[in-house]
Amino acid sequence: MKSKSVIGVIIGVVLLSAGMFLAGRASVPADRAVTEVTRIKEPTDVIDESLMLALGQAKNFHRKAKVYLSDGKLDDAAAAVRQILSLAFPKGAPEADDVRLDARALLAKILISKGQVDEAMRVVDEGLASSQRESFFTANLYTVRGEIREVRANNLDAEDPSKTKSAPERRLAIEDYDKSIQINERLQKQLMEKR
Amino acid sequence: MTTNDDMLDGAVPEPLDEASPSERAHARTFADIVDKAITGRAPAAMSADDRALLEVATVIRAANGQAELSAQRQRSIVEDALRQAVGDRNTTTSGSIGVIPLSSRRKVAPWAIAGASMLVAAAAMLALWLRAPGSEIVHREETAQVPTSWTSRPADPLVGPIAPEHAGEASERIDYLFADRLDGYRERRLSGRGGVQ
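Order-wise, the sequence lines are chains Y and W. Be aware that the first sequence starts at 0, since it is given in numbering that gives the first Met the number 0, and climbs by one per residue. Be aware that the second sequence starts at 0, since it is given in numbering that gives the first Met the number 0, and climbs by one per residue.
Keep in mind that a hint or two might mislead.
What the hints assert, rightly or not - With beta-carbon atoms standing in for the labels, derived distance ranges:
(1) Y:62 x W:144: 29 to 39 Å
(2) Y:187 x W:139: 39 to 49 Å
(3) Y:118 x W:144: 44 to 54 Å
Just so you know, these hints were derived from the structure itself, not from any lab. Cβ coordinates follow ideal geometry from the N, Cα and C atoms, glycine included.
The following block holds chain Y by itself, in its conformation from the complex:
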């Protein structure tokens, strides 16, 4: 019985020592082999299906409007172009701004043809207000606004042949044309510098 007790105590002491030794080792951070796994992800601004879908729809609405215009159906043409304004583009896609501004320019032209000058001005002003950046499409919209002001001035000339009333409108039209020219110049300069 005594020898058994001694053996048990010895085994216990040995195991306890081993446990403490291993626990001590475990508490010390060992050198770990670090493997770096790099995941290459696509940029978020690549041309994807949703962008192509939106562009394709815009293309079709323009085609539709063109057919209506060739048939002299200005209302239908305007309705087709208005649908482009509500197309869903990928968030942050620069093409969205460009396509919508261009559609507004065409819509304003159609409205001018219909004699809805004020509505044409509203469409253009909304486009310029929503524009995120300067572009050739912004410049084009200023050009269209200048045209609208010219039409307004001509309409005023019909009421007042002395052109007193139309003079301010013509001055504003010139300002819009100037803005368009300035934007075009800045952008062209930027593009030339990038090349």
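Since chain Y is already given, all that's left is putting chain W on it; use the hints.
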């Protein structure tokens, strides 16, 4: 000399004095008590003086070596002790002498220590295994570099300045823009690189 019944407290008689009748009677009585004590039949009740004398007599007897057990008696006691040690509970104890069993605490203590130590060792090994140095994988994400033609971007470089006489030709421009972006889209999708350069 005065007689006194109290042998321990009374006067000590001279060595050559004749024993008195009371002393003789007392001696016989005490001798009986000693005889009975030796044979294990000591009376339960006796005077304090007799008990003290009996203890002295027992010590003297043991000191003289006369208290040894007989060989048969010794073997019997040893065998009983061995039987008890191996757990035989049907043994009859030989006389008043038996094996004093180990307390349960003393029996269990070594194994408890060993068991606890094993648990500690197992826990340490488990901790070591769980924290064993292995290959740590660090995930990093990088954005792939792709050609500009694959990306969504302003149409200005493609369209260029729009002349006033072409202000309403949005249909032509959207055709051009669509065709250009479709080229980039197809190139990306058909490159076989998952869009990664």
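Using the beta carbons of residue 187 of chain Y and residue 139 of chain W, state whether their distance is inside 39 to 49 Å or not.
holds, 41 Å
A range of 44 to 54 Å was offered for this pair. Does it hold for the Cβ distance of residue 118 of chain Y and residue 144 of chain W?
holds, 47 Å
Quick one: are residue 62 of chain Y and residue 144 of chain W within 29 to 39 Å, going by C-beta?
holds, 36 Å
The structure is consistent with each of the numbered hints, conforming to all of them.
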